[in-house]
Amino acid sequence: MQDTPILSMESISMEFPGVKALSNVTFKVRQGAIHAICGENGAGKSTLMKVLSGVHPHGSYSGDITFQSSPCHFRSLRDSERRGIVIIHQELALIPFLSIAENIFLGNEQARAGVIDWSKVQQRAGGLMRRVGLNEHPMTRIVDIGVGKQQLVEIAKALAKRVELLILDEPTAALNDEDSAHLLGLVQQLRDQGVTCVIISHKLSEIIGIADSITVLRDGEVVETLHAADGPITEERLIKDMVGRELSSRFPDHVSNAGEEAFRLADWTVYHPIDTERKVVDGANLVVRGGEVVGLAGLMGSGRTEMAMSVFGRSYGTKISGQLYLGGKPAETKRVSDAVAQGIAYVSEDRKRYGLNLIQSVRENMTVAALRNLAKGGVIEAAAEAAAAERLRRELTVKTPSVEAPVLKLSGGNQQKVSLAKWVYTDPDVLILDEPTRGIDVGAKFEIYTIINRLAQQGKAVIVISSELPELIGICDRIYTISEGRITGDVARADATQEHLMKLMTIETKDQV
Amino acid sequence: MASIKESLSGKLRQYGIIGALVVVVVIFEIMTNGRLLLPDNVASLIGQNAYVLILSIGMVMVIIAGHIDLSVGSQVAFIGGVLGWAMYHWRWPWPAAVALALAIGLAVGAWHGFWVAYVRIPAFIVTLAGMLVFRGLAIVIAGFTMAGFPGGFVKISSGSLPHFLGYAGDFDGVTMMIGVVGVAGMVFAQMRSRATQVKHGIAPEPMAVAVIRLAVISGLALFLTSLLARSSGGTPILLVIVGGLILIYSFVLNRTVFGRHVYAIGGNLNAAILSGINTARTNFVIFLHMGILCAIAAVAVVSRAGAATAVAGANYELDAIAACFIGGTAVTGGIGRVSGAMVGALIMGVLNMGLSICGVPSAWQQVVKGLVLLAAVAFDLVSKRRSKVA
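Protein chains in written order, with the numbering used here: chain D, 1 to 513; chain S, 1 to 390.
What the hints contain is simulated information worked out from the structure, not anything from laboratory work. Model, not experiment: these values are computed from the prediction. There could be a bad hint or two in this list.
As the list claims (entries may be wrong) - Stretch-level coverage of chain D by chain S, calculated; a stretch enters the list once three of its residues show a Cβ under 8 Å from a Cβ in chain S:
1. 176-187
2. 191-202
3. 303-316
4. 348-360
5. 385-391
To be verified - Only pairs whose alpha carbons sit at most 30 Å apart, straight line, appear in this in silico DSS-like list of lysine-lysine:
6. D:352 with D:409
7. D:120 with D:161
8. D:409 with S:199
9. D:352 with D:399
10. S:199 with D:376
11. D:279 with D:329
12. D:279 with D:319
13. S:199 with D:399
14. D:20 with D:409
Said to hold, decoys possible - Computed list of chain S residues with no C-beta within reach of chain D, every gap over 12 Å:
15. 16
16. 93
17. 173
18. 195
19. 216
20. 252
21. 265
22. 274
23. 330
24. 333
25. 357
Backbone N, C-alpha and C fix where the C-beta goes; we use that ideal spot for every residue, glycine too.
Bound-form chain D, shown alone (with noise of 0.2 Å):
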């Protein structure tokens, strides 16, 4: 175990604005091992990798990197990839419409002063092809093959750069058993060949499985670092680790208010948009009473948000099928405009892509979902429509400095208030906020919270869906679990905690069937 790490990251810190993502991490990567790094969503895992493949730069952070003993200083992505550190994320960077062979080789054309080479691609695509067991043309569009076999195109892709440190990013998230089980094997396979491979992951018996060592970040502090070789690692021991962390005050006082039922799903089933074969949500019940806050806990690609999306208008997914009540009456949610008209918002969980117009004013935005309620023959009321943004500015406390102001110049805690304000204003019977608190300071999501509390109180049903746990047990009377796509768990308030609620998120239903 004593021999030097072919990766040496030491006392490595990063800040965003108003958040410190990585704080003096020391992270050491054994030539030839499997290394693993786990943690829940916003760890810190992602930014770490970041810093070290160069897309932040050398100066942006402050510490040291050592690989293969001499130090980093990497601008760019392509510096660290000179060096034979190559990172593969969770969303495949492949040109959807080339092949293969020339995927393999983008970036790194195997040319003749500047013309392609396409006898040498071949001849060398194949070879790679065949070292990460991936049986097809080389000619093959990426289009045309599974995301298992495009996985694998990445990773022949980075041999093809002599890769000397391989970064997995979740990299079976999105495979079945059967492609998980041969990338898994090839990473083996890889790791006896003397690749170094470090593995982000969220699946822990999968990691505990092939892993020579796992890292656990919380917070952006390491927690610890386990080797398999001194004795068996348990999920349990990782999942304490990975949540750890003590529930204080930073939640309002929240009381029951359950009344009649008025959300509920039966058999929800939803298919991916573009996989058609692969189902996203699976099956799902669930029910809501008015006044009550139901949690839906899961991690990133469970398919939290696909499933509150696909009854939000069947904004998400195909081949949707189960029931919708609301009411206790059956309901269907064909547009968008269908579900707000029948009491329905969602609060997305990226407010810059799917919630506000950050080039419009706060006025605009807070008013656009209900516009129809301040106009007459289609004419808005101006003074109408001022004075409803001007009492939402109020009652959900926005700082701005007039609601005249565009959405782009406010924190995001205060953007967030908007895009809430927003769906407040439909007046709904249900609100699904998803990830409300994501980026938004400790301040902010107190006020956030206790706009929730209001609401439940108002009598609103409130899905909350959130892989913060501490936070949906500090705000929740029940809380869902949700994993692959199947509710895995119904906790009351009173039984929830974080190890039990991680081990329901992380079952792996697939593998009991």
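Add chain S to chain D, keeping to what the hints say.
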């Protein structure tokens, strides 16, 4: 004081364009030895550029929503051809022919709107196809130029409002009245919206800023009025039509649900969809409006030329698109105003006329216009980048 400065700099871009118009006018006024602002030249400036002004009103809406329309020149030629055919071959009375033109405009708009909104083909492609299709149809209909239209029809572009208020010196009373009433109305509307803001506890812009702004705009408007009042015709009927359209469409974009949806779609399409906006219908209606405005432009063009010809409207789409971009409409959609596009169109118009009076060959006029367009958009992007850094 800080708030005044902030408020001014925020509006600077918006009013910078008016400043640019003033600068261009002053330069040509000097270069032409005072001939640019001769009353009759001002009147013909409006007549010459009516088509750009009208088309830009629709184009600004199209661009705000994140689309583009390459077909407006061909539409003008095609609709103008139908208009001419109705009067020349069928001997229809001109009001009936104009009504037919408007109906055809609506149909053409529906055609484009259908493909863009419901089949979801990018507007660039749909209107590129439209550009070919309608130019072709225009040649079919008006390959043989039709001329000799009723006097009433020709008056649309050459006529002026009657001078029933007589003259004060050489100033036409009707023109002066329209100018003064218009300015007073604008001041009143501004003050009223200010009062509404105060009533609802919203801090309005500083009084000093509002006063300076109103004073500058009113001054320019009254100056223009005084020039027109001394022109041989007084207030051109075309100006009344264009002015009416500007008022209507400013209202539509600023004060109606439809207008707000146009901005929402262009600003963030995903957010608009997830807000329950019927984006398909909104897009369809945008192209209906564009079609109607093309028909109105066709009426103006055919009336002014006194003839319907297949080559009418060449490059009009480029003039209208350029006017929008010079007038501060964002290339990426979501931002733009009718008033900005109008000022942009006038800058192009003044350039045309000034360069012509100076005797610059038309080839070089194109070069100058191209560079002005590039400079305007570059200024827009650079100033936006700077404000992001700040």
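Okay, the hints, checked on the actual structure:
Against chain S, the region 176-187 of chain D contributes 0 residues with a C-beta closer than 8 Å to a partner C-beta. That does not satisfy the three-residue criterion, and the hint is violated. With 0 residues bearing a CB less than 8 Å from a CB of chain S, the region 191-202 of chain D misses the requirement of three and the coverage assertion fails. With 3 residues carrying a beta carbon less than 8 Å from a beta carbon of chain S, the region 303-316 of chain D meets the three-residue requirement, and the given coverage holds. Under a criterion of three residues with beta carbons nearer than 8 Å to beta carbons of chain S, the stated coverage of the region 348-360 of chain D is upheld, 9 such residues being counted.
Check on the region 385-391 of chain D: 3 of its residues sit with their Cβ under 8 Å from a Cβ of chain S, so the three-residue criterion for coverage holds. For a cut-off of 30 Å, the pair hint linking residue 352 of chain D to residue 409 of chain D stands: about 13 Å separates their Cα positions. The straight-line distance between the Cα atoms of residue 120 of chain D and residue 161 of chain D is roughly 15 Å, inside the 30 Å bound, and the hint therefore holds. Taken as a hint, the residue 409 of chain D and residue 199 of chain S pair is honoured in the structure, with Cα atoms around 25 Å apart against an allowance of 30 Å.
At most 30 Å may separate the alpha-carbon atoms for a hinted pair to count; residue 352 of chain D and residue 399 of chain D meet this at roughly 18 Å. With a C-alpha separation of about 21 Å, the suggested pairing of residue 199 of chain S with residue 376 of chain D holds against the 30 Å cut-off. A C-alpha spacing of about 26 Å is found between residue 279 of chain D and residue 329 of chain D, which places the hinted pair at or below 30 Å, so the restraint holds. Between residue 279 of chain D and residue 319 of chain D the CA atoms are separated by roughly 9 Å; this keeps the pair inside 30 Å, and the hint holds.
Pair hint residue 199 of chain S plus residue 399 of chain D holds up; C-alpha atoms about 20 Å apart against a cutoff of 30 Å. As the CA atoms of residue 20 of chain D and residue 409 of chain D are separated by approximately 22 Å, the hinted pair is consistent with the 30 Å bound. No Cβ of chain D approaches the Cβ of residue 16 of chain S within 12 Å, the least distance being about 18 Å, so the stated non-interface status holds. Against the 12 Å criterion, residue 93 of chain S stays outside the reach of chain D, whose nearest CB is about 33 Å from its own CB.
For residue 173 of chain S, the shortest C-beta to C-beta distance to chain D comes to about 34 Å, beyond the 12 Å cut-off, and the non-interface label holds. At roughly 10 Å from the closest C-beta of chain D, the C-beta of residue 195 of chain S falls inside 12 Å, breaking its exclusion from the interface. Every beta carbon of chain D lies more than 12 Å from that of residue 216 of chain S, the smallest distance being close to 21 Å; the non-interface claim holds. For residue 252 of chain S, the condition that its CB be more than 12 Å from all CB atoms of chain D is violated, with the nearest at approximately 9 Å.
Chain D draws residue 265 of chain S into its interface by the beta-carbon criterion, the shortest separation being 9 Å against a cut-off of 12 Å. Its beta-carbon lying about 5 Å from the closest one in chain D, residue 274 of chain S breaks the requirement of being farther than 12 Å from that chain. The claim that residue 330 of chain S is not at the interface with chain D is violated, since a C-beta of that chain comes within 12 Å of its own (minimum 8 Å). Once the 12 Å rule is applied to beta carbons, residue 333 of chain S is inconsistent with being away from chain D; the minimum gap is 9 Å.
Against the 12 Å criterion, residue 357 of chain S stays outside the reach of chain D, whose nearest CB is about 40 Å from its own CB.
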